[in-house]
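Participant: Just so you know, the protein sequences line up as chains A and B, in that order. In my numbering, each residue carries its 1-based index in the first sequence increased by 862. In my numbering, each residue carries its 1-based index in the second sequence increased by 862.
Fair warning: there could be bad hints in the mix.
Since the list gives no way to pick one copy over another, a pair counts as held whenever it fits inside one copy or between any two copies.
Derived lysine to any residue pairs resembling SDA-like cross-links, with alpha carbons at most 25 Å apart [as the list claims (entries may be wrong)]:
1. LYS897 / ARG944
2. LYS1053 / LEU869
3. LYS918 / GLY947
4. LYS1050 / PRO1009
5. LYS918 / GLY891
6. LYS867 / PRO903
7. LYS1026 / PRO929
8. LYS897 / VAL1047
9. LYS911 / SER1024
10. LYS897 / LYS918
11. LYS911 / GLY891
12. LYS1050 / ALA1028
13. LYS999 / VAL1015
14. LYS983 / GLU1007
15. LYS983 / GLU1025
Treat the hints as calculated values from the structure; they're not laboratory data. A quick note: this is a predicted structure, and the numbers were derived from the prediction, not measured.
Protein chains: 2
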Amino acid sequence: MEELKVLIETSSRHLHLSQEHLEVLFGSGAILHSKRALSQPGQFLSEEKVSLIGPKRAIDGVSVLGPVRPDTQVEVSLTDARTLGVAIPVRESGEVCGTAPIKLKGPAGEVSLPQGLIAAKRHIHMTPEDADKYGFKDKETVSVEVPGERSVVFHNVVLRVSEKYATAMHIDTDEANAAGLSGEVYGKVIK
Amino acid sequence: MEELKVLIETSSRHLHLSQEHLEVLFGSGAILHSKRALSQPGQFLSEEKVSLIGPKRAIDGVSVLGPVRPDTQVEVSLTDARTLGVAIPVRESGEVCGTAPIKLKGPAGEVSLPQGLIAAKRHIHMTPEDADKYGFKDKETVSVEVPGERSVVFHNVVLRVSEKYATAMHIDTDEANAAGLSGEVYGKVIK
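Full structure from sequences and hints, please.
Facilitator: Spelled out as structure tokens, the structure:
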């Protein structure tokens, strides 16, 4: 089977909002304004930004990704969590049950989330075509080797296959910095 | 040869000061006051703290490690460098030629360092006894596998052998967070 080199993209701290929370933070009838498209089809970086208010410190200017989702979810690095003063779990997107609370502040109001603050578990989005071609399955766990001065192998990388995806690996800023990533970097996927 | 499991210690942002810079920052005749001993013999965390003034933002409350050294050196994570607004190289301790500039601010004065701001290259301090026992040499490059939910293998780990050392691996906070380290963690050293 051919070896897959996957594009590695770094996710900065960001959040996804429900329509309800979007309107509390930005006003009744608010919508998200796309600043630029992201690699995953239909997803975009919006113009809207909120503050995360932690028990220790706040982090301002955190980007909202669109479109809106059924549930609000905030994804930060473990470095950010220490800045905010909260302990957070590493979770797959959507698995927010029992995760950390956080307060959000926008220009029109505040939302106190009882849960929804996570560090994202590193993962690979993959098209069904690439999964077939390279012999991978949805929900499989793989390792990814990153070259360079700070070369690392990331174990426990969860692979998600969907026709809604483009093939790319997502890691957070701590992981990107630990691997010394800069520019367009590809990692070797190891079964 | 027996397999070495090495204690992994996380270095938070910190700096080493020359006596000259210590006196500029803390006043004439200033000395460092030990708060607690570090794992490396003779090294200590001092009570003294300074601010790092970057072109974008400042980071306050950065600990000075003692004792004083011939040259001032500031070690931060790549996340910190982005906060400060500077691009910094990954370097071994002491190799500060051509590294990034940074301004330091203490209670008695300021120092503008023309260079000396680095991200520390991950490394293992090792006693000659352990080097003999496990078959390692000074300046050798090894890999270290860290277990856990965010399990990683760190490649390009430089090994330094000296009778002045205790055996321990040092990584920065980005690397510790990328590996999900918490509490006392040991890594497997791989040749």
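Participant: Run every hint past the structure and note whether it holds.
Facilitator: Structure-based check of each hint:
Taking the shortest Cα distances, LYS897 and ARG944 sit within 25 Å of each other only across copies (22 Å), while inside one copy they are farther apart (29 Å). For a Cα distance limit of 25 Å, the shortest separation of LYS1053 from LEU869 inside one copy, 17 Å, qualifies, whereas the shortest one across copies, 28 Å, does not. Within a single copy, LYS918 and GLY947 get their C-alpha atoms as close as 5 Å, and across copies as close as 23 Å, so both meet the 25 Å cut-off. Proximity of LYS1050 to PRO1009 under the C-alpha cut-off of 25 Å is found in both arrangements, the shortest distances being 9 Å within a copy and 20 Å between copies.
Within a single copy, LYS918 and GLY891 get their C-alpha atoms no closer than 32 Å, and across copies no closer than 35 Å, so neither meets the 25 Å cut-off. Only within a single protomer do LYS867 and PRO903 lie at most 25 Å apart by alpha-carbon distance; the minimum there is 20 Å, versus 44 Å between protomers. In this assembly of identical chains, the alpha carbons of LYS1026 and PRO929 lie at most 25 Å apart only when taken from the same copy (14 Å versus 57 Å across copies). Taking the closest pair of Cα atoms, LYS897 and VAL1047 come within 25 Å of each other only inside a single copy of the chain (24 Å); across copies the shortest separation is 42 Å, beyond that limit.
For the identical chains of this complex, LYS911 and SER1024 are neighbours neither inside a copy (29 Å) nor across copies (51 Å), given an alpha-carbon limit of 25 Å. Taking identical chains as interchangeable, the C-alpha atoms of LYS897 and LYS918 lie at most 25 Å apart only when they sit on different chains, with a minimum of 23 Å there against 31 Å within one chain. Taking the shortest alpha-carbon separations for LYS911 and GLY891, only the intra-copy value of 17 Å comes in at or below 25 Å, while the best inter-copy value is 48 Å. In this assembly of identical chains, LYS1050 and ALA1028 lie within 25 Å of each other by CA distance solely inside one copy; the values are 17 Å within and 35 Å between copies.
Taking identical chains as interchangeable, the C-alpha atoms of LYS999 and VAL1015 lie at most 25 Å apart whether they share a chain (20 Å) or sit on different chains (24 Å). For the homomeric pair LYS983 and GLU1007, the shortest alpha-carbon distances inside one copy (16 Å) and between copies (18 Å) are both at most 25 Å. Taking CA atoms no more than 25 Å apart as the test, LYS983 paired with GLU1025 passes inside one copy only; the shortest distance there is 21 Å, against 40 Å between copies.
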